[in-house]
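A.B. asks: Using the sequences plus the hints, can you model the full thing?
Numbering that gives the first Met the number 0 numbers the first residue of the sequence shown as 0 and each following residue consecutively.
There's no promise every hint is true.
Claimed, not checked - Within a straight-line C-alpha distance of at most 30 Å, the following computed DSBU-like cross-link-like pairs (lysine-lysine) qualify: (1) Lys97 - Lys134; (2) Lys70 - Lys6; (3) Lys97 - Lys70.
Stated by the list, open to error - Just the calculated beta-carbon pair ranges, DEER-fashion: (4) Arg81 - Ser51: 38 to 44 Å; (5) Leu259 - Glu114: 24 to 30 Å; (6) Glu85 - Ser51: 44 to 50 Å; (7) Tyr76 - Pro40: 33 to 39 Å; (8) Pro40 - Met82: 32 to 38 Å.
Since the hints were derived computationally from the structure, they do not count as laboratory data.
Positions of the beta carbon are idealized from the N, C-alpha and C atoms, including for glycine.
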Amino acid sequence: MQMRRAKSLIGLDIGTSSVKAIEMSWHNGPVITGFGYADLPSPDAVPDTVLSVLRDNEFRSRRVVTSVSGKSVIVRYLTMFRMSPEDLRNAIRYEADKYIPFDVDEVVLDCQPFEVEGFANVASNEMRVLLVACKRAIIDEQLRLLAAAGLHPELVDVDVFAIGNAFELAVGAAQSAEQVSALVDIGASKTSVNLMRANTSLFTREIHTGGATFTTAIANRLGLKHAEAEALKMNPGEDYERARQAVSPAVDDLAAEVRLSFEYFENQFDLGIDEVLLSGGGSRLAGLEQDLSRIFDRPTMGWDPTGDFAIAAGSVDVDLLREHVPELAVAVGLASRIQGQR
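C.D. replies: As structure tokens, this is what we get:
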């Protein structure tokens, strides 16, 4: 008997330094059926780089989920009176005007009520609502890019929530319902913070600094070219101590911003953070886990967003996938939307 071909979905993460694509299918669980990675030499090279990732790798699908981030994306957690979904959709446009710094007519709005047992400061007649707004021009630009690449967009997500989706799929089942995990994804130009409890995002923040700041610090302190500093950052070898001293002020600055988020969350919601899980290319900095564990005074470690997923080795370069695992949280989280379509 011929089996019906499984649906597949590509999670496409267009960062500031690289493009990552994960194709996922579902067959008694997630299966990675495609993977592509390419460095991004400049913002102008995005269309050509996306095309090369698709052309040079074996993807069975053209259905894609991608994401947005940056200062044109606004995320707010609101407390509102309980109401029906229809009433919420009608009310949120008026509420949004209080919280977003753009004209409401210039943005795409979405909202989602959510429940968290025992959440502080929420009365019985109230509910927590997640509000997300993005400038329409940013989304339109993404859609044009995808169409030019011959892709069919299913939806446009937000980086920080994609990271949470990857965590839920790869790790969430093993977590205690009471445990609060801080997902800290250090990209090239930004760091995303997502505080998760019971597979629900309670707080997010985007910090506009990342691994590129580490590279610049090493280059300036040691008098190196950018490419030399990047190589030393990733593989310091005998120069480990020199590199670590050079980058230490930049690490301290980033850690201070992240810690401010932790302190705000803990003071506002009377919940402690149990662990810090690092991802993103910047998390590969030698010695970073130890430094942040000391600064945050709690367990801090990397995690694998590909979990124990099955991999179609015939169509995926497994060695290349493993090499880039820390950078794949967003792409995996985007592709994980296949769960709702199987």
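A.B. asks: Work down the list of hints and note, for each, if the structure agrees.
C.D. replies: Here is how each hint holds up against the structure:
no.	hint	in the structure
1	Lys97 - Lys134	holds, 16 Å
2	Lys70 - Lys6	violated, 34 Å
3	Lys97 - Lys70	holds, 17 Å
4	Arg81 - Ser51: 38 to 44 Å	violated, 50 Å
5	Leu259 - Glu114: 24 to 30 Å	holds, 27 Å
6	Glu85 - Ser51: 44 to 50 Å	holds, 45 Å
7	Tyr76 - Pro40: 33 to 39 Å	holds, 37 Å
8	Pro40 - Met82: 32 to 38 Å	violated, 49 Å
Violated hints, in rising order: 2, 4 and 8; the structure is consistent with all others.
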